[in-house]
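All chains, please: the whole structure from these sequences, using the hints.
Now for the letters of each chain:
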Amino acid sequence: MVDMIQARGLVKNYGKVTALDGLDLDVPEGSVLGLLGPNGAGKTTAVKILTTLLKADAGQAMVAGIDVRDDPQGVRGKIGLSGQFAAVDEYLTGYENLRMVGRLYRLSAKEAGVRARELLERFGLADAADRPSKTYSGGMRRRLDLAGALVANPPVLVLDEPTTGLDPRSRQQMWDVIEELVAGGTTLLLTTQYLEEADMLADNIIVIDHGRAIAQGTSDDLKSQFGQERIDVVVADAHDAAAAAQIVNTVAFGDVTVKDRNISAAISGDGATHLVEVGKAILDAGIPILDLGMRRPTLDDVFLTLTGETASDEEDVA
Amino acid sequence: MSAPRVLIDGWVVAQRNLIKIKRVPEILVFVLISPIMFVVLFAYVFGGAIDAGPGLNYREFLIAGIFAQTVVFGATFTGASLAEDMQKGFIDRFRSLPMSRSAVLVGRTGSDIVYNVISLVVMALTGLLVGWRARGSFFDSVSAFLLLIVFAYAISWVMAYIGLIVPSVDVINNASFMVIMPLTFVSNAFVPLETFPSALQTFAEWNPVSTVTQAVRELFGNVPDGFVAPDAWSLQHPVVYTLIWVGIIVIVFVPLSVRQYVRASAK
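Heads up: the sequence lines are chains P and E, in that order. Residue 77 in the working numbering sits at position 77 of the first sequence, and the numbers go up by one each step. Residue 457 in the working numbering sits at position 139 of the second sequence, and the numbers go up by one each step.
It should be emphasised that the hints constitute simulated quantities derived from the structure, not laboratory data. Here the structure is a predicted model, which is why all the values come from computation and not from measurement. Misleading hints may appear alongside valid ones.
Cut-off 25 Å, straight-line C-alpha distance, at most; resulting in silico cross-link-like pairs (DSS-like, lysine-lysine) [to be verified]:
| # | chain 1 | residue 1 | chain 2 | residue 2 |
| --- | --- | --- | --- | --- |
| 1 | P | Lys110 | P | Lys78 |
| 2 | P | Lys78 | P | Lys55 |
| 3 | P | Lys134 | E | Lys340 |
| 4 | P | Lys280 | P | Lys259 |
| 5 | P | Lys78 | E | Lys340 |
| 6 | E | Lys406 | P | Lys110 |
| 7 | E | Lys406 | E | Lys338 |
| 8 | P | Lys134 | E | Lys338 |
| 9 | E | Lys340 | E | Lys406 |
| 10 | E | Lys340 | P | Lys55 |
| 11 | P | Lys78 | P | Lys16 |
| 12 | P | Lys110 | E | Lys340 |
| 13 | E | Lys406 | P | Lys134 |
Quick list of the computed label-pair ranges, beta carbon to beta carbon [stated by the list, open to error]:
| # | chain 1 | residue 1 | chain 2 | residue 2 | range |
| --- | --- | --- | --- | --- | --- |
| 14 | P | Arg131 | E | Asp369 | 53 to 59 Å |
| 15 | E | Val439 | P | Lys134 | 24 to 30 Å |
| 16 | E | Phe503 | P | Val114 | 41 to 47 Å |
| 17 | E | Pro343 | P | Val114 | 29 to 35 Å |
| 18 | P | Val11 | E | Leu443 | 43 to 49 Å |
| 19 | E | Val497 | P | Gly15 | 26 to 32 Å |
| 20 | E | Val558 | P | Val114 | 50 to 56 Å |
| 21 | E | Ser352 | P | Gly74 | 54 to 60 Å |
| 22 | P | Glu180 | E | Val347 | 50 to 56 Å |
| 23 | P | Val11 | E | Ile569 | 57 to 63 Å |
| 24 | E | Ser352 | P | Val11 | 45 to 51 Å |
| 25 | E | Ile351 | P | Arg122 | 41 to 47 Å |
| 26 | P | Tyr14 | E | Ile569 | 49 to 55 Å |
| 27 | P | Tyr14 | E | Gly371 | 35 to 41 Å |
Backbone N, C-alpha and C fix where the C-beta goes; we use that ideal spot for every residue, glycine too.
Pasting the structure below:
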């Protein structure tokens, strides 16, 4: 398949700070690449270079077969960008915002109006279409911003942290919208700080830190690298710990660790089902428990595995 | 980029700004309140202490100065709006679109002309209330207003450039204040030049705020009896000298601002 986005050796320095340090990436047509990393890892810088907002200090990038350096205006006609902060004019209505973007994508006034209504309908904003977007919730603004990126039906879509700062319900709505787009064959580059989000939406994931890819592969590849979901059991009486550990061992992937009353193990396959099985088996064995839970690996776990340090306290560069 | 494209995209951007005037009339209130305060403050507080010349009421002398000051201060609005768009990521959205590279600035400065026209109308009405009259011909009065608008347009390109280089909206208000205060006060806008110490007087004579004020004052016929233009060439040919400045500012700041827009990107 053709690569709709291809970058080789992208480097960008802000003064003495290196935001990108030789990043390569490929996004085949119709696929989704998740660029996963903490704040300041260089995700936004990469997005800005690929969407012609910034010039790389070194390296090459092609979007839809067009070199971003040689023909940025050509690239702009092929991409839709929705950024970290919803670039929505709060005094304009949803309709006016989208119509304006449509006009700037060179649709005629009439086409831009029709397209705006269509997108508002599709993103569940039809009722709010003629209200100033100041009155919208955070989730609605993000959806409006995303709609803006889709006005011209671009073959390549770039979403920079589309759900950062959204509440769980709005996040879920955003995911639904994105999944629908992806099902429709859009090529998507997505940046995120959430492993869960990359897992759910992306075909391929690149983990970046300090401007460099430190791991890449499919979601499954990465999971087998970075540990699985884990089951944690806390028994009421430490004497029962060994017996409970044996039960946990039946679904464990690798070693079961026992410490006082705490039993913990990585599990493979369907975590939720295993959790229920383990819980039932422990109860059947008559072992009283204080707590039983499943933990999904987070970006922190990934970073802990890869770099030995947590991701959360990075300096915010880009 | 073909000329029509700039104009079409610029008009789309300008429409956005004009919708805002309709939706947020408060913006206008703030734009207008300070010049009205200046009229009242100078006309009634300082006015009694300043001699505008034989046969000329100070208030009549003052209004041309306030006109010039208002349009210069008003230009800050151009810069502040751009700085805000930058901060909010709006400029990034525009820059990712296949639109003309100068349209955002053309649209912004263009729509700000409307603000200037509105504020000039309000100022003129305030002036009439405190006793100002346009004594020249109708054609002279129209020329005076046109000159003010053209001058304001040029200054708003300077502010556009400043708006694109400052990191936040707060900074632009302070930064532009530091430029605008000396320009408007070390001029003949509020007091006759003869009262200045000589070094300041030379600066004031060649200050374009003085010449635009002088031009407008003469066009409105707000000059004392037996008025003779000062020796400085700039004040003897205030319209020409002001237009030369307009030309220089446009030639320098339009490309500078567009270049800055192309490079600028929100952090």
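Evaluation of the provided hints:
1. Lys110/P x Lys78/P: OK: Lys110/P and Lys78/P at ~21 Å, within 25 Å.
2. Lys78/P x Lys55/P: holds, 18 Å
3. Lys134/P x Lys340/E: Answer holds: Lys134/P to Lys340/E is near 15 Å, not above 25 Å.
4. Lys280/P x Lys259/P: holds, 22 Å
5. Lys78/P x Lys340/E: violated, 34 Å
6. Lys406/E x Lys110/P: Not satisfied, since the Cα-Cα distance of roughly 28 Å exceeds 25 Å.
7. Lys406/E x Lys338/E: Roughly 16 Å between the alpha carbons, so the hint for Lys406/E and Lys338/E holds.
8. Lys134/P x Lys338/E: The hint holds at about 12 Å.
9. Lys340/E x Lys406/E: Given that 25 Å is the threshold and the Cα spacing comes to 21 Å, the pair holds.
10. Lys340/E x Lys55/P: Violated: Lys340/E and Lys55/P sit about 38 Å apart, past 25 Å.
11. Lys78/P x Lys16/P: violated, 33 Å
12. Lys110/P x Lys340/E: Holds, at roughly 23 Å.
13. Lys406/E x Lys134/P: holds, 14 Å
14. Arg131/P x Asp369/E: 53 to 59 Å: holds, 57 Å
15. Val439/E x Lys134/P: 24 to 30 Å: holds, 28 Å
16. Phe503/E x Val114/P: 41 to 47 Å: violated, 54 Å
17. Pro343/E x Val114/P: 29 to 35 Å: Cβ of Pro343/E to Cβ of Val114/P: about 31 Å, so the range 29 to 35 Å holds.
18. Val11/P x Leu443/E: 43 to 49 Å: This hint is violated: roughly 60 Å between Cβ atoms.
19. Val497/E x Gly15/P: 26 to 32 Å: Hint holds: Cβ distance 28 Å, inside 26 to 32 Å.
20. Val558/E x Val114/P: 50 to 56 Å: For Val114/P against Val558/E, whose Cβ atoms are near 51 Å apart, the range 50 to 56 Å holds.
21. Ser352/E x Gly74/P: 54 to 60 Å: The hinted range 54 to 60 Å is violated for Ser352/E and Gly74/P, with Cβ atoms some 46 Å apart.
22. Glu180/P x Val347/E: 50 to 56 Å: violated, 45 Å
23. Val11/P x Ile569/E: 57 to 63 Å: violated, 37 Å
24. Ser352/E x Val11/P: 45 to 51 Å: holds, 48 Å
25. Ile351/E x Arg122/P: 41 to 47 Å: holds, 44 Å
26. Tyr14/P x Ile569/E: 49 to 55 Å: violated, 32 Å
27. Tyr14/P x Gly371/E: 35 to 41 Å: At roughly 58 Å between Cβ atoms, Gly371/E and Tyr14/P fall outside 35 to 41 Å, so the hint is violated.
When the structure is compared with the earlier hints, violations turn up for hints 5, 6, 10, 11, 16, 18, 21, 22, 23, 26, 27 and for no others.
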